[in-house]
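Note that the protein sequences, when read in sequence, are chains A and B.
Residue numbering for the first sequence follows the working numbering, starting at 974 and increasing by one per position.
Residue numbering for the second sequence follows the working numbering, starting at 24 and increasing by one per position.
The set of hints was computed from the structure by calculation and includes no laboratory data.
Any given hint could be a false lead.
Computed beta-carbon distance windows for the label pairs [unchecked claim]:
| # | chain 1 | residue 1 | chain 2 | residue 2 | range |
| --- | --- | --- | --- | --- | --- |
| 1 | A | P1252 | B | G126 | 46 to 56 Å |
| 2 | A | G993 | B | H167 | 31 to 41 Å |
| 3 | A | E1782 | B | D53 | 19 to 29 Å |
| 4 | A | L1740 | B | H167 | 44 to 54 Å |
| 5 | B | D100 | A | V1732 | 47 to 57 Å |
| 6 | A | V1765 | B | D100 | 35 to 45 Å |
To give an idea of the chain B side of the interface with chain A (calculated C-beta under 7 Å), a few residues [as the list claims (entries may be wrong)]:
| # | residue |
| --- | --- |
| 7 | S79 |
| 8 | D85 |
| 9 | A108 |
| 10 | N112 |
| 11 | F117 |
| 12 | N123 |
| 13 | I125 |
| 14 | L136 |
| 15 | P137 |
| 16 | Y140 |
Don't be surprised by glycine CBs; every beta carbon is placed ideally from N, CA and C.
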Amino acid sequence: MDTLRNDLRLALRSLAKHPGFAASVILTLALGIGATTGVFSAAHAVLLASVPYPDPDRLALARRTQDGEVGNLVSMLDYLDYREQAGSFSSLATVRFGPDRMNSSGGTRPERVNALTVSFNLFSTLGVAPVLGRTFTAEEGAPAPTVAAGTRGRAAVPPVALISHGYWHRRFGGVPDVLGRTLTLMGEPVTVIGVMPEGFRFLSDADVWLPMRRAADDERRYHNWYVVGRLRPGVTFAQAQAEVDAISARLAALYPDSNTGKGLHLDRLHEALVETLRPQVLLIMTAVAVMLLIACGNVAGLVLARGVTRRAEIATRVALGASRAKLVRQLVTETVVLALLGGAAGLVVAAAVQRVLPALLDLGALGITALRFDARVVGFALLVSLLTGTGVGIVPALRSTSVAVVEELKGATRTSTSGSGARLSMVLVGAQVALSLVLLVGSSLLVRSFARLVAADLGFEPDRLLAATFVLPPQKYPTGETRARFYEGLLADIRALPGVTAAGMVDRLPFLARYGDVGVWTPERPPATRVSSTSLSAYYRRTLPGYFAAMRMPLLAGRDVAGSDRTGAPPVLVINQTMAKALYRNESPIGRKVVADWVGAPAPVVFEVVGIVADARINEVGEAPYPTMYASFSQFPSARLSLAIRSGGEMAALTSSLRDVVGRHDADIPVEELATMKGAIRASTMAQQTLATTVSAFSLVALLLAAVGLFGVLAYQVNQRRHEIGIRMALGAQRGDILAAVLRSGLLTAGAGVVAGVVAALAVTRLMSSLLYAVAPTDPASFVMAAGCLLVVAGAACLVPALRALSVEPVQALRYE
Amino acid sequence: MSTGNQTLIRMTGLGKVFLTDEVETHALADVHLEIERGEYVAIAGPSGCGKSTLLSIMGLLDTPTSGQYAIGDSPADALSPRERAKLRNLTIGFVFQNFNLIGDLTVAENVALPLVYRDMRPAMRKEWVREALAKVGMEHRANHFPAQLSGGQQQRVAVARALVGRPLVMLADEPTGNLDSRNGDAVMALLAELHAGGATICMVTHDPRYADRAQRTVHLFDGRVVDESVAELTA
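Make the full structure from the sequences, and use the hints.
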């Protein structure tokens, strides 16, 4: 212990004497260790930890498979059968795909709330209890006796709801007597029976949870429900999987039309939830680890350089009887102390990284709103600091202590040499350059991929396009005709608003409401059964006339839906290019028939194709064009309709005008702030933007570190080689020769690093292909840009030491001998 | 490089003053010195008398603060750094006390350096290097590194480097200062042999035994030429 204390005292004293060196190392390591620690806490939450529920290893997400391919959502009737028959689960719960945006009235102003429909046992399955009140009873979640329009049925028992902690405070001011109070959702009074804990979130943000009833989508062909189960103690996933496989087989035998080839796949809940996050986190973790390696290389170079200047001191210590082991220990203690100080400073960086990562990575899906700065984080920083300090110290220490004692003590060298230490420094710098290039290529690929994504042709013009969604309460608008009349009148008034250049309505706007596919076929080629997999799947949208013009989606043939396409008239369709090609290849579809089968349709509906519209992206910017059909809303009116307004005016004023117009039609219909289509598209590309931004940020830091490393080593070498430079000048070297020699030395190192980096990047970037859009992992432009950028920065880093070399006066340089 | 007369080096009223922390140090004062082509001159004196400063000015590594200096037909006063470097490369060969070989380069590469800076074609450079190494008896060590040679051998290589460019004058600064007497004698014998072959040599030394080997010895004291003596060469 005395020895350690003595080593620490000597280390601190030695570092205090060289504050510049110490500060450089501490700052460099603070960046590397800090960023690594910050990302570690996110990686731990995503890759190592579990969902924040009791006994998380027994929680399973059950996903539908079709012909072996894993999907996501399960039909309600299938869920009910699995729940009834699967003994492997102590409980099996479900959550409807959503959330549903519902009108809530009765407050100061009508508003929209996020409502999630769940089975009564969801909370007990997860093991989460409300902070106030109770959860749903089985009776409250029992099948409804009647079916009404919308997503929920009328209940035999009074309708009830659980509310979120946030909504409790927002709507009720956090009053303790909230239980028993009434919310009016979609015109229907609902009693609050409980408040969920602060921060509770499962799958989606929700203000309100409603109990599941059997409703309009209770068909086995329609899959709208997530299923989560808790295994009984002692039951393995394999046993549970075998049991659900047997049930799937029975269901397929019983319901061949809908369940042929269908199954259920079980995954640990945590693993299933992090499936999409995992590659992103791994990529960021790799980037930050590479950055730490570069920082280590940088510090090792500095320590190595300092070791050369300490050779005489070390020789003196050897002469005085110090063993090599003791000297190595002393030197490594110094680097460990530096790394610990760097790690301590890095905790500030880690805290900053922790603050931005949850939003960047959308960790909310795991119920994580903030990353904890706890003992685990500090422990990780400590461990990385110790490893880093030892790693960067050991080789320089071994080299520094292998001195020729007599020669060093004489202080005389007969030749001027850069020495093997300098060569090792250059190797380290070359390695830093290579690693930087890998990161730069990676970020370049991600940036180019993102740039192509945002520049992708969406099929419509999103500039100055604003959106709002309305939902009509079914009690007030019970028939299709009343809904159609309401929306047609509303749209006409909105089009007349000042500043509105165009407006259109559709039940699901691109990027704001996704999916919604139905099975379609031509009468000439009907499917063998109604199972969707044997027919073409197409997105189904309902529009009022003028939607395409408002969206600026080119109508390629035929006509738009018209005001005359109402209930009673033959159903009409406008289809997109992809659907036209899929159904009719090169023939014109205009005037032809298309059969579609969707939720709530008692029988397939036969449409006449009246127009072809250009393809448009619906769910994701990066998706391939998907068959899409647009029916006339007035023929198939629903409660929900979205508005797309193109306006040159100010958004706040437009929202206010819109509220006035809607209020004139129905004061109970809430109007939220208008959403911009660009905002929705930005949200859709957020993951790619996050990756590109994060990896680019780490790449730039890595590039900076590599440049500083190159600068440091060259500056040090120029200083060490002043004598040699003096000799060369004495022998007639011109200033240009000296400049070229230093630049050549630096650029050759950088060039070798670039070559090694290109080879490494070619191997590494292949692993990124799933994260790229319209850019190959070997995209030459990305490689050239990264290499060019690195060489330019390396050139700049070399220039200062090279210019400094020019200031060497041969007389002075030779005199010091 | 050709000269119009026999005087190769001419210093007239040369002075050198160093300014450090407002203290003036007169390293050289009113030095007059001429060296003829083919002459072997020793500059002798005690430590700190200005010998090395004089040699540095002679070798165009430093500039005088007063007086004139000319080498061959070229007055050195008005030369730009670039011109000085070129003139140094073409007309002067250096031999240093500490040899000053570059450890990362082989013997042949060290010797070739002056020719590299002259942009000589590789084939011709190789031939000239071979000849220079042959003159000092180090041809067989061409591919060795300096660290693999003894002190005497390193100084022979340094001499080869000094003469490889066929300079007008070879300047040697205490060439035996880091050698034992046997190797020192060998180097002095080599210089004498080169002089006998026509080389002009100016050597700084504080050792009277070696100064006596030159044709003429210039004695410096406190930066001034205080005496000149002429000896008969024995070599």
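key: In rising order, the numbers of the hints this structure does not comply with   = none
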